[in-house]
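Asks: For reference, the chains in residue letters:
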Amino acid sequence: MAAGPHGLKRPVTGRESKPTNAGAGYRGPMDVLDRYEPLVDDVGAFRAACERPLPSVVRVNTIKTTVERARAALAAEDVEFEAAAWHPGLLRLAEAQPGTNWPYVHGWLHGQEEVSAVPATVLDPAPGERVWDACAAPGSKTTQLAALMEDTGRLVATDSNLGRISALRSNAERLGVTNVAVTHEDARNHSLKPFAGAGYDRALVDVPCSCEGTIRKNPDALEEWTYEHVRGIAGVQKGILRRALQVTREGGTVVYSTCTFAPEENEAVLDHALAEEPCELLDVDLPLESVPGVTAWTDEARGVDRTFDSSVQKARRIYPQHNDTGGFFLAKFEVIG
Amino acid sequence: MAETNDSHRFDRLPATAADRTVAERPTRAEVLAFFADRFGIPSAVFADHSFWERGAGKIWALAGEEPDPVEVEGLGMTVLRTRREHWKPTLEAAQRFGDAATANVLHLGRPEARAFLAGHDQELAWDGDWGYLLVRHDLAGAPATLGVGLYLHGELRSQVPKGRQRDLGE
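Going down the list, the sequences are from chains V and L. Okay, so the first sequence: first residue is 1 according to our numbering, each after it adds one. Okay, so the second sequence: first residue is 1001 according to our numbering, each after it adds one.
Among these hints, one or two may not hold up.
Claimed, not checked - Listed below are the simulated EDC-like cross-link pairs for lysine to aspartate or glutamate, each with C-alpha atoms no more than 20 Å apart in a straight line:
#, chain 1, residue 1, chain 2, residue 2
1, V, K217, V, D34
2, L, K1088, L, E1071
3, V, K193, L, D1068
4, V, K193, L, D1011
5, V, K314, V, E289
6, V, K314, V, E280
7, V, K193, L, E1071
8, V, K193, L, D1121
9, V, K238, V, E289
10, V, K238, V, E276
11, V, K217, V, D31
12, V, K193, L, E1073
13, V, K217, L, E1066
14, V, K314, V, D271
15, L, K1162, L, D1127
16, V, K193, L, E1066
17, V, K238, V, E277
18, V, K193, V, E129
As the list claims (entries may be wrong) - Across the chosen pairs, the derived CB separations fall in these ranges:
#, chain 1, residue 1, chain 2, residue 2, range
19, L, Q1165, V, P55, 51 to 61 Å
20, L, G1109, V, P287, 38 to 48 Å
21, V, V304, L, R1083, 26 to 36 Å
22, V, A85, L, A1023, 16 to 26 Å
23, L, G1109, V, E250, 55 to 65 Å
24, L, A1018, V, K217, 26 to 36 Å
25, L, H1153, V, P88, 24 to 34 Å
26, L, G1119, V, P278, 46 to 56 Å
27, V, A94, L, A1018, 38 to 48 Å
Unchecked claim - If you want a taste of the chain L side facing chain V, the calculated C-beta under 8 Å gives, among others:
#, residue
28, V1045
29, E1071
30, G1076
31, L1080
32, Q1095
33, R1096
34, P1143
35, L1146
36, L1168
Hints listed in this document are in silico derivations from the structure and should not be mistaken for laboratory results. Glycine included, C-beta positions come from ideal geometry on N, C-alpha and C.
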């Protein structure tokens, strides 16, 4: 589609045609998706995609094997798969048990949702660089970054939750990652002290969010949704993105990503960073179908009526119906000072 | 350099015994010698890795270097348990670096590899040294190192950690 979905009034179509769960009033978690219908072109396709389960996908871990060898190992075990058109190392499995085969046991494969492999690809770190993964656990994107860096340079992986750090470390070790240093801290206050003050060439800011985009993987994702949480988490997201922009060198790259549709957690966070830090947004050339970020957002019921810096259109929104994946949001910054 | 072992901090291994300031801390030279002498893994395999200790005897391999010491939650991967009579490589080290090994490698057929992965001990003939062995099998047309076993008294004892054990069935 050519332009961003700027029609912000609630469309008449869609509201009546969608299935109702429990009559009048709040109809359960899927009701949360109502507020995003003004942003999407094809509401019917959006709602239908959100209700379909996701295919099981594994990423080939090139630290320990090659795409060819991993594919051969799966084929030898009669595990049926189909490679994603945009990424030869992302394999959609016919049956949803990625952990029960020999190549998985050897750390050649890692279960990872297809769309979650996009941000590391866009950050595109090179071997030998210094990279920060600000919200790293449980490590799918961290280990993908390590593989793109050919397990060289330094990858600093931060998380605020010790239990999740345990999962991160386990995944990193299973996949044979040796270039990672794991830190336990609030990413908003990320300290460079353990590394003698060295900053980064690139940073991935894949923040905690309200996760509507994971509804296909986790149908309970919206059970706990509240607007207060959206507002609260948006404050955290702004703090983490600003810290990433501060610790990345001039000319360096920062990728911001979420799995939410909420503009409060997406374009509004970009808008804040553009105003507060020396940075600019870059065009993103995605191999998947997507639409631009939105420059305005209204949620009348909650008194929201915002416009954003026009450059947030360079960000990309991936809706579930676009590529038969989860939902995703992604933006790429260059640090300019 | 720190004079004691600190369980919350990574300290780089001294290059040689002459550089050692913490009693019983293994040296880089000793770690390289262990992998070379026991398994025939050339020291060049670790040329781009530094070795660190956190917690008594737990050795981590890190790609590249960092200023010593480092106070973080993880630094590279755990590769080796030292400060005991018989040093023991981790399953992760076996999988990541073990394909370069030429000695004390036990090559299993598929049924035996399955039992090993499931954590079972099994009686097997082996005319080499007793102790910790690297366990391999064929995968996708070439040998691939699967983990670490302990061979004693005609028996291969699986050392696959509980969390990594799998029953892949028949």
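Asks: Compare the structure with each hint and give your call.
Replies: Right, here's what the structure says about each hint:
A C-alpha spacing of about 19 Å is found between K217 (chain V) and D34 (chain V), which places the hinted pair at or below 20 Å, so the restraint holds. Note on K1088 (chain L) and E1071 (chain L): the hinted pairing is violated, with a Cα-Cα distance of about 25 Å set against a maximum of 20 Å. Proposed proximity of K193 (chain V) and D1068 (chain L) is supported: the alpha carbons are some 12 Å apart, at most 20 Å. Between K193 (chain V) and D1011 (chain L) the CA atoms are separated by roughly 16 Å; this keeps the pair inside 20 Å, and the hint holds.
Pair hint K314 (chain V) plus E289 (chain V) holds up; C-alpha atoms about 14 Å apart against a cutoff of 20 Å. Our distance criterion of 20 Å between C-alpha atoms is met by K314 (chain V) and E280 (chain V), whose separation comes to about 10 Å. The hinted pair formed by K193 (chain V) and E1071 (chain L) meets the criterion: a straight-line CA distance of about 9 Å does not exceed 20 Å. Distance check on the hinted pair: K193 (chain V) and D1121 (chain L) sit about 47 Å apart at the alpha-carbon level, beyond 20 Å; violated.
Restraint check: the Cα-Cα separation between K238 (chain V) and E289 (chain V) comes to about 27 Å, which exceeds 20 Å; the hinted pair is violated. Distance hint between K238 (chain V) and E276 (chain V) is fulfilled; the C-alpha atoms sit about 10 Å from each other, no more than 20 Å. Taken as a hint, the K217 (chain V) and D31 (chain V) pair is honoured in the structure, with Cα atoms around 17 Å apart against an allowance of 20 Å. This hinted pair checks out: K193 (chain V) and E1073 (chain L) have alpha carbons roughly 14 Å apart, not beyond 20 Å.
Taken as a hint, the K217 (chain V) and E1066 (chain L) pair is broken in the structure, with Cα atoms around 39 Å apart against an allowance of 20 Å. Our distance criterion of 20 Å between C-alpha atoms is met by K314 (chain V) and D271 (chain V), whose separation comes to about 12 Å. At most 20 Å may separate the alpha-carbon atoms for a hinted pair to count; K1162 (chain L) and D1127 (chain L) exceed this at roughly 28 Å. Proposed proximity of K193 (chain V) and E1066 (chain L) is supported: the alpha carbons are some 12 Å apart, at most 20 Å.
Restraint check for K238 (chain V) and E277 (chain V): satisfied, since their Cα atoms lie roughly 11 Å apart, inside the 20 Å limit. A threshold of 20 Å between alpha carbons decides the hint, and for K193 (chain V) with E129 (chain V) the separation of about 18 Å falls inside it, so the pair holds. Remark: the range hint 51 to 61 Å for Q1165 (chain L) to P55 (chain V) is contradicted by a beta-carbon distance near 27 Å. Checked against the hint of 38 to 48 Å, the C-beta distance between G1109 (chain L) and P287 (chain V) comes to roughly 42 Å, which is consistent with it.
Remark: the range hint 26 to 36 Å for V304 (chain V) to R1083 (chain L) is contradicted by a beta-carbon distance near 60 Å. In this structure, A85 (chain V) and A1023 (chain L) break the distance hint of 16 to 26 Å, their C-beta atoms being roughly 59 Å apart. For the hinted restraint 55 to 65 Å between G1109 (chain L) and E250 (chain V), the CB-CB distance of approximately 57 Å keeps it satisfied. Distance hint check for A1018 (chain L) and K217 (chain V): the Cβ-Cβ separation is about 55 Å, which falls outside the suggested range of 26 to 36 Å.
In this structure the supplied range 24 to 34 Å is violated for H1153 (chain L) paired with P88 (chain V), their Cβ-Cβ distance being about 48 Å. The hinted window of 46 to 56 Å between G1119 (chain L) and P278 (chain V) holds, with their beta carbons roughly 55 Å apart. A beta carbon spacing of about 59 Å between A94 (chain V) and A1018 (chain L) contradicts the range 38 to 48 Å that was offered as a hint. Taking 8 Å as the C-beta cut-off, the interface hint given for V1045 (chain L) is violated, the closest approach to chain V being about 12 Å.
The interface hint given for E1071 (chain L) holds, since its Cβ lies 5 Å from the closest Cβ of chain V, which is under the 8 Å cut-off. Nearest Cβ of chain V to the Cβ of G1076 (chain L): about 4 Å, under the 8 Å cut. The hint holds. Contact between L1080 (chain L) and chain V, as hinted, is not supported at the beta carbon level, the nearest pair being about 13 Å apart and thus beyond 8 Å. Restraint check, Q1095 (chain L) versus chain V: the minimum CB separation of about 6 Å is within 8 Å; hint holds.
Checking R1096 (chain L) against chain V: minimum C-beta separation of about 4 Å stays under 8 Å; hint holds. About 11 Å separates the beta-carbon of P1143 (chain L) from the nearest beta-carbon of chain V, more than 8 Å, and the hint is not met. Taking 8 Å as the C-beta cut-off, the interface hint given for L1146 (chain L) holds, the closest approach to chain V being about 7 Å. Nearest Cβ of chain V to the Cβ of L1168 (chain L): about 6 Å, under the 8 Å cut. The hint holds.
In summary, the numbered hints that this structure violates are 2, 8, 9, 13, 15, 19, 21, 22, 24, 25, 27, 28, 31, 34.
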